[in-house]
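K.L.:
Listed below are the residues making up each chain.
Protein chains: 2
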Amino acid sequence: MDYQLDFRIKLWMEEVAERLRESLNQKVEIQEKQGAADLVTEMDRWAETYFVEKITTYYPDHQIIGEEGISDTPVTSTKGITWLIDPIDGTLNYVKEKNHFGIMVGIFEDGVPVAGYIYDVMNHDLYSGIVSEGVFLNNKPLTPIQVDSISSSLVVGNVGNYVENRYNLQAIHHLALGTRSYGAAALEIIAVLRGEVCLYASSGLNPWDFGAGYALCKALGFEVTTFTNEPLNIMEKSPVIFAPKHIHAEALKLLEV
Amino acid sequence: MDYQLDFRIKLWMEEVAERLRESLNQKVEIQEKQGAADLVTEMDRWAETYFVEKITTYYPDHQIIGEEGISDTPVTSTKGITWLIDPIDGTLNYVKEKNHFGIMVGIFEDGVPVAGYIYDVMNHDLYSGIVSEGVFLNNKPLTPIQVDSISSSLVVGNVGNYVENRYNLQAIHHLALGTRSYGAAALEIIAVLRGEVCLYASSGLNPWDFGAGYALCKALGFEVTTFTNEPLNIMEKSPVIFAPKHIHAEALKLLEV
Numbered sequence: 001m002d003y004q005l006d007f008r009i010k011l012w013m014e015e016v017a018e019r020l021r022e023s024l025n026q027k028v029e030i031q032e033k034q035g036a037a038d039l040v041t042e043m044d045r046w047a048e049t050y051f052v053e054k055i056t057t058y059y060p061d062h063q064i065i066g067e068e069g070i071s072d073t074p075v076t077s078t079k080g081i082t083w084l085i086d087p088i089d090g091t092l093n094y095v096k097e098k099n100h101f102g103i104m105v106g107i108f109e110d111g112v113p114v115a116g117y118i119y120d121v122m123n124h125d126l127y128s129g130i131v132s133e134g135v136f137l138n139n140k141p142l143t144p145i146q147v148d149s150i151s152s153s154l155v156v157g158n159v160g161n162y163v164e165n166r167y168n169l170q171a172i173h174h175l176a177l178g179t180r181s182y183g184a185a186a187l188e189i190i191a192v193l194r195g196e197v198c199l200y201a202s203s204g205l206n207p208w209d210f211g212a213g214y215a216l217c218k219a220l221g222f223e224v225t226t227f228t229n230e231p232l233n234i235m236e237k238s239p240v241i242f243a244p245k246h247i248h249a250e251a252l253k254l255l256e257v
Numbered sequence: 001m002d003y004q005l006d007f008r009i010k011l012w013m014e015e016v017a018e019r020l021r022e023s024l025n026q027k028v029e030i031q032e033k034q035g036a037a038d039l040v041t042e043m044d045r046w047a048e049t050y051f052v053e054k055i056t057t058y059y060p061d062h063q064i065i066g067e068e069g070i071s072d073t074p075v076t077s078t079k080g081i082t083w084l085i086d087p088i089d090g091t092l093n094y095v096k097e098k099n100h101f102g103i104m105v106g107i108f109e110d111g112v113p114v115a116g117y118i119y120d121v122m123n124h125d126l127y128s129g130i131v132s133e134g135v136f137l138n139n140k141p142l143t144p145i146q147v148d149s150i151s152s153s154l155v156v157g158n159v160g161n162y163v164e165n166r167y168n169l170q171a172i173h174h175l176a177l178g179t180r181s182y183g184a185a186a187l188e189i190i191a192v193l194r195g196e197v198c199l200y201a202s203s204g205l206n207p208w209d210f211g212a213g214y215a216l217c218k219a220l221g222f223e224v225t226t227f228t229n230e231p232l233n234i235m236e237k238s239p240v241i242f243a244p245k246h247i248h249a250e251a252l253k254l255l256e257v
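Heads up: the protein sequence lines correspond to chains A and B, in order.
Per full-length UniProt numbering, the first sequence starts with residue 1, numbered consecutively.
Per full-length UniProt numbering, the second sequence starts with residue 1, numbered consecutively.
Rather than coming from a laboratory, the hints here were simulated on the basis of the structure.
C-beta atoms are modelled at their ideal positions from N, C-alpha and C, and glycine is treated no differently.
Okay, the calculated bits of chain A under chain B, using three or more residues with CB under 8 angstroms as the criterion: (1) 97 to 110; (2) 151 to 165; (3) 179 to 191.
So that you can see chain A by itself, here it is in the shape it has in the complex (with noise of 0.2 angstroms):
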């Protein structure tokens, strides 16, 4: 791992989520991308800029993957360093809430997680993660809770996976003690790893969706993986659960694909 890169991700993540805070008492240009429920707006597009100006400057050899598509150099290999952000995760959260949205960025090497960072903005808690040296909440290291099973735990999703019944995905709602539900991919992901929640499995997430997480998730020695315990491809869509690795067992069992 580059520390330098660390250091320089916390900064720009700072900034960003400084000017996020700003924008709610602003007027934000807000469009719809596939329906009412799928938004982007200006600040989703300057915060990827914000990071694809940094990244080609510092770093012009790394790949980027960005929600909003602002890189304009394809990807096509995973191979060397390539950066997968969601600039607002949550946009629709960030925008009807003015609450509960991150920021996240993952950091990949030939395809293989070396670092994740997720950021909740209106908590003021930045989460950073090296694969090799643990998780930090505002550089402090972070303890889970200890989860023992699904039976004695809660779980985090999609309200509409479980409503739908997705992959089976009731049986883990059934089992659990509960089933909670934050609209954003990365307050979701943050409870998995404070071990507020035993799991959070979706049925479909994007790379920029899920790379901070899988980082993250790698660095506390948990479990990320498609529904079929498969290795996420960082260049393609898949369902995805995280978890520790007992828990991780303990659903695989339960999904259905």
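Given the coordinates of chain A, assemble chain B onto it according to the supplied hints.
P.N.:
Only chain B this time, still in chain A's reference frame:
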């Protein structure tokens, strides 16, 4: 409204909140009530006892309905001043997440809401509302985000209610842009007060679950009723919906009783 009462409640809630935060670093005794998802801890009992002792000292003629039944004077009529107290709302979150729980106090006169208080403990946020005055967040006036319709807004509620489609709640889930679930009525009512979501509907709340929110919503001019548009009886458990007037009317047409 007795403003000395308002002054004292805030002081007492600050003390209880501080003690609850401290308790997260200590071993706390936990017992099951009606199963593994329905917990009570020594801190629930401690907090309710704290309130009951204060109330019986300063207001010996007031009535108390608390979740843990600490007060030994049965309430058989709504006449006079009645306190509805949930010492820890979201005890399961308190135990499992060490996060996302609240303290709720509602003040009623002859069964009618007068004032309500919800403490979002881990965010250090006290929402207080006097029906004739409005709602305040840490003593600053709270202005909710405007919500136009269910189809252009988020909603909040228990995932189980949506999965089981109790009272046809899935119609609301499908119409809304998204459904959130925090596992604590306190935090779900706060989301309505702030306008982060347009409504919170629950298939069954006890008086201590809805008392504070009933008064806080009334202080903003919002509606709080059963699913058949009846006023709430503070001596009975019932389905409850909290929402601004126009959203409340829209939701009642979708709910099936």
